[in-house]
Amino acid sequence: QKKEAAKAPAAKFKIGIVFDVGGKGDKSFNDSAYNGLVSLAKDFKGYIKDDPANVNFGTDVELKYLEPKQGGQDREQLLRVLSEEGYNLIFGVGFMFTDSIAKVAKDFPKTHYALIDGYVPDLKDDSNLTCLAFAEQEGSFLVGALSGLMVADKPKAKVGFIGGMDLPLIHKFQAGFIAGAAYTDKNLRAKGMILGQYIGKDGSAFNDPKTAASIATTMYKNGSEIVYHAAGGSGTGLFETAKAAGKLAIGVDSDQGLGYMTNDKDPAAKEIGKFILTSMLKRVDQAVYLTSKDLIGGATLKGGYRTFSLADNGVGYALNDFNKDKLGAYTAKLDELKAKIVSGEIKVPADDAGAADFVKGLK
Amino acid sequence: MTRVNKYTLYETVAPLIGFLASMIILVVIVIIVGESPAKAADAVWKMTFSKTARVATILSTAIPLFLAGIAVAFGFRAGVFNIGVEGQYFFGGFVGAMAGIYLPLPAWLHVPSVVFFAMIGGALWALIPAILKVARGIHEVITTIMFNSIALALVNWLVNGPFSGLAGKGSLEAQTAHIRPTAAFLKLNAGFRALGWDVPDSVYLDYSLIVAMIAGFVVWFVLFRLRVGFDVRAVGTSPDVSLYAGIRVKRIQLGAFLASGALAGLVGLQEVFAIRGFYTYEIASGLGLDGIAIALIGRNSPVGVVFSSLLFAFLKQAGYGLQVYTKVPNSVIYVITGLMILIIVVTNELVSRYIRALRKKEAV
Amino acid sequence: MPTALPLLRMEGITKIFPGVVANDHISLELMAGEILALVGENGAGKSTLMKILYGLYRPDSGEILVRGEKVRIVGPKDAIARGIGMVHQHFMLVPPFSVLENIVLGSETSTLGVLSSAKPSAEIAMLMENNNLRVELQAKVEELPVGLQQRVEILKILYRGAEILIFDEPTAVLTPQESDELFKTFRRMRDQGKGIIFISHKLDEVLDIADRITVIRRGKVIRTLLRAEATKPLIAELMVGKPVLLHVDNPRLEAGETVLKVEGLSELGPSGAPALRELGFEVRAAEIYGIAGVEGNGQSELVKAIAYRMKTSGGTVRLMGREISLLDVRERRELGIAHIPEDRHKYGLLLPYSLADNFTLGSHHKAPYVNGFGVQNRKRIAQAARALIAAFDVRTPSELTPAHALSGGNQQKVIIAREMATKPKLLLANQPTRGVDVGATEFIYKQLVEAKKGGAAVLLVSADLDEIMSLSDRIGVIFKGKIIKEFEREATTKEEVGFYMMGEGK
Amino acid sequence: MDLNTVLEFLLKGLDTSAPIAFAALGGVFSEKSGVFNIALEGIMIVTAFAIIWGSIMFGSIWLGLAFAIILGVAMAAIHALVTVTYKVDQIVSGTALNILAFGVARFLSQNVFGQETQSAMNPYAFPSWHGISVFSLLLIPITALAWFVLYKTVFGLRLRSVGENPESADTLGINVVLMRYSGVLISGLMCGLAAAVLYPSRWVSGMTGGRGFIALAAMIFGRWDPIGAVAASMLFGFADTARINFESKIPIPSQFVQMFPYVLAIVVLAGVVGKAKGPAAGGKPYEKGED
Ligand SMILES: Nc1ncnc2c1ncn2[C@@H]1O[C@H](COP(=O)(O)OP(=O)(O)OP(=O)(O)O)[C@@H](O)[C@H]1O
Ligand SMILES: Nc1ncnc2c1ncn2[C@@H]1O[C@H](COP(=O)(O)OP(=O)(O)OP(=O)(O)O)[C@@H](O)[C@H]1O
Ligand SMILES: [Mg+2]
Ligand SMILES: [Mg+2]
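Chain order of the listed sequences is A, B, C and D.
Going by my numbering, 158 is the number at position 158 of the first sequence; the sequence numbering is gapless.
Going by my numbering, 187 is the number at position 187 of the second sequence; the sequence numbering is gapless.
Going by my numbering, 133 is the number at position 133 of the third sequence; the sequence numbering is gapless.
Going by my numbering, 85 is the number at position 85 of the fourth sequence; the sequence numbering is gapless.
These are calculated hints, taken from the structure and not from any lab test.
Cβ coordinates follow ideal geometry from the N, Cα and C atoms, glycine included.
Mixed in with the good hints, there may be bad ones.
[What the hints assert, rightly or not] Going by beta-carbon spacing under 10 Å, a handful of chain C positions derived as facing chain B:
#1 347
#2 350
#3 479
[Stated by the list, open to error] Distance ranges between label pairs, derived from CB positions:
#4 34(B) x 302(A): 37 to 43 Å
#5 201(B) x 246(A): 40 to 46 Å
#6 140(D) x 107(C): 31 to 37 Å
All chains should be modelled from the sequences, with the hints used to inform the complete structure.
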């Protein structure tokens, strides 16, 4: 082994990621982070270490991801191991890393850490920890607005939202969606026109396609034309139901429609992808990519807080070759709304109460 | 070597054979995955015994596993099949956390109080299944499974609703407020270093280690030295005989069930009071089932549970070792853990058959 | 009548268990139309031999010949195929199944795997008719009294067409009447040309029914007697290896104050029908009161009401004048009740636990076995156990031996020693010698008489009328949950008591 | 509420109940033969994966189902081997299998689909009727069949006898080991059917979500009777369906709505059903007396 190590030129940069529980393959949050790694490898001659997919474009940048088990000190331990192994930049994906990453960052002042979705108080520009947040409500507002626009001419048509685990974070998605839908379609402002449902109370809610499918069936039966999900791995149940019902669905985090349409290993996926209208993009990949790019570019990484919002395309909605025809009629209107949000003219609510007030304010 | 010693030797060798056999299977899998066994072995070594910090991490990881195991084992001893350890530590941990957050106490009193309240919480969560078992004869397996689900929903509501500690912006985690510093489980690492064991500060060897040691000792002492422990074991062996002998069977079963719950209440302490400093619904999940395996591999004895919990902790670390240093997927370690348990118990059986055959031969 | 070829021949059968040679080159023969009794002390190896014959154990050496033909019996299936049937010491019934299901189990009649009941029902009805063994086919076995359960067992083997019938202690749980019935069945079957092997500890029965008697001691055949040459003392001596006193010296003493007084006791049985109806009697100090009755007439409920049960549905149980039916078992024991239970495995012993633990069970919560902090005093427990082992001559390697390793007779001794050691005011002895050999029976009788001499009131419940007659000072006959008649021992005869037991003469 | 809505609700309730019910039926067979099977959850994890793997591999959902059944039976065979042949504690074996299954499914997924936590999409589907898989409808006849087999056939009689009193069965020449294997293997088969109604479109790690344990509870709740077990499964299934359908209309915290079926089960057990007694020899390995 020593010989091997001597042969291979040491990578100039080592970047590590510790995923959220659920890990790679969730077709959503973690995969998005993984895609960030892939782009990094491509653009900066890097490789992903021990990756079954063998992503390898050179040896300049070593990329590594790990997956913890739930509970205990596991997250902290994995962050520490990566630190000890000399990784320069380490990401913790998910709010569950909040405490552990703060502790580890203190112990390894020369390593930089980035926390996705969590919030550690009192960070400064020269901290070695950056909190990366997303304005999910803004992206959700746009897909909500799109849904509203698409059903505006059908007074009875409803829209729906399926949440995974009942968490404040997921309510952020819901609030934005409600606000957007109500904003563009006044029919939807009436009570009971925007359906909402959470799958469960624990982590398994993000991995329960059966229940998601069951909820989706009810929503479509009850008149929903479009259903948006923020339910991680459970979302697959929504998409399949959408296909069966011949109705539309909206994905989350990554461009899920594109994922389905371009999946060559999986012929059935294309059939389903047609029913995925768009996805609310939460560009975890972008966050990973941009932060790492700064490091590789030689900049000293800035600590503190960084929010990815509509303004910097950190969130958004997916427009790709497959859905551009369907969305074509609405993109202009959506761009206009986006501008209003960026300018602050529209303040998108981020929780249930805010959403209710927002809808009331529209009447 | 005397005959008895020979048999004891065989019996101790059984788990070792199981361990080795599963390691061989691991090597096979590693080869299938296309990794070199030497590299895998090195990876496991690095993450388990290569340095003090790793060894200490195994010990630290074993703490909640041990507590879960001993909680299950104590119930088993009384013939109580407590599948509800998980729900009990969800709730017990919550009650302990409340004590840690709201009781204004000095540290010397606060730490014992949160331990006490966690035990009370765990016992309370076992109370209804225990009463239903004793008074109505309703199988505890079904009630405790139900109570696990109920606990999960309940603490979820508590943490999201009335006791939500969402402070400031950006904090999106459903969690309680932070515990008072007086309730924190401080690390003992400095003490270990003073004793010559060079544990770095990053490892969680905290008060929960003491809690686990005390709990283990108390359980052993109660079971094997106290009269009430004899009653517990008698009831677990034969309720009919116990009843006949004047042991208050229902009272003992109720008490043992509650004690099992109280022990279960301790499982989440390390995570709440040492690692996180607040309570979330995610506390140490899954340990209830691990506890069953740990208790049974440890043959429901406190000493056995020490070893089996260390074994489980070792396996967990080994899994991370493979993940960090090789391309062997994390899942392999579950495969190995499951297989190892099966192989150990089967070897145990084969060895005792062999011993019986030997004895028979010697009898002629 | 015996034909030239023996129906069955076992030759040189040896079977070794860890630590014990259960059968040591045993040979025996059984003719068609013969009843062979197999007797021996507890642990002599009788059951082992029969289990080998029935294919449950495999012998270490030796061979078995059926009708002169050497056979290999590796499982009950083979045995059944050779016409061997066995009624086991512990019934082999499936309690929640119906009688019909129990009988056909393993030899079902079916079409395409679907059970049919018409044909077997008819066949069984025939069998019942021919052998005078009637049972309700649809009844659940768990709801039947023991006597009927045994009929089911017999029907099971007859249904399989057995010619060689093995009965391992079949009468241990039967009443005299039921035993008589059974013996009638035996004779009927013998006359049909079947061969019967019969194991019993009751020598009177053996002399009554057997054609030949084989005595086994420590795994060896000691001698086979013809009925004509056999006497009770001879058999007993052959079994034990030394002369056995078959008579108990049981003087009547001046009875003292009333220790136990039961009045108007009423109780519902498990099925909801009344098990005890206004039952009343009293037992005084220094007397043995025997409850005679056909099993299932409320004996178990009666003993339970005195020893265990909280809250009876009616009536009172007083000990030394104090109402005890609201006290729990421990409180009752503290008041001086000791209890030799009916089923020693189910109630009497913690089988995996050491003898030391078993000897102190029931007193283990008190000084000197625990100190003031509830810590057990292992030394004192071991001491007490060793003392009892010596005093009661329990055959065991040490006080640390687990209870399950002892023979049935020795297990019973442990229980009796333990209960006597509490110096009880009232000793409940429920079937104390069931399944126990002559030597041990003698010992147990002595102990009961000792207790009485020590001033205890003894309540003896037994299905063995001889036992009742020889031990009791007074006898109460229980019938349908009521004491219907009381006798002074000297003033009655076995026949008279038996008459009342059947519910006659009320 | 019109008739259609009611029908809709009934079908959906049936569909939600079916995975629990099939697993519970499996549990009934295993436990009636005297072997506790707390590995139902683990076996379901594997069959849920296998049906997708098999369908894609063989190009047919039916072959996928057959494949799932085979793997389910294979998992069950491990349990049978360990507990019946080697007489190991049944709870230990079950627990080990649950851990093993979790790893096996993820490991296979990694190797077959290149990712640990999710399989590819399964393009093949069972015929469906009113939006639910016909397989869910099969639950009714299969339950009836299970009942018939258990109570009306030679096989059933023998199976139950070894669960009640294996010694007795043994003395009648019944092969206790064979019957117990059968019981356990049938539970593997039933877990295969459970996979068919769980979600045969895609496997996601964790998708069984504890249904195997709920099935265990349902089996006990249903007093080890096929019909009872299925009825109890329906209680859970329908309560869950009701929750999903009406949660947003109920003005109490959703967590309490979620607790409802469990609380209901306990109340029913405590108040109405009371003592449930399993097969007498359940959980105990059969020692043949010697060896
Ligand atoms: N399965 C077994 N394993 C080990 N030892 C056994 C086993 N069965 C019987 N033994 C031993 O073999 C010896 C003979 O036992 P067996 O049951 O044949 O006696 P028995 O004559 O039937 O006694 P009893 O009159 O009490 O019924 C005893 O010492 C007993 O402890
Ligand atoms: N597996 C075993 N290991 C050790 N000893 C055994 C075993 N099975 C039976 N024995 C012993 O063998 C003896 C004879 O067994 P058996 O089944 O004939 O019961 P028993 O002694 O006749 O009891 P009883 O007649 O009172 O019911 C018993 O003393 C029992 O303790
Ligand atoms: Mg015997
Ligand atoms: Mg006997």
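- Hints broken by the structure, by number, lowest first? 3 and 5
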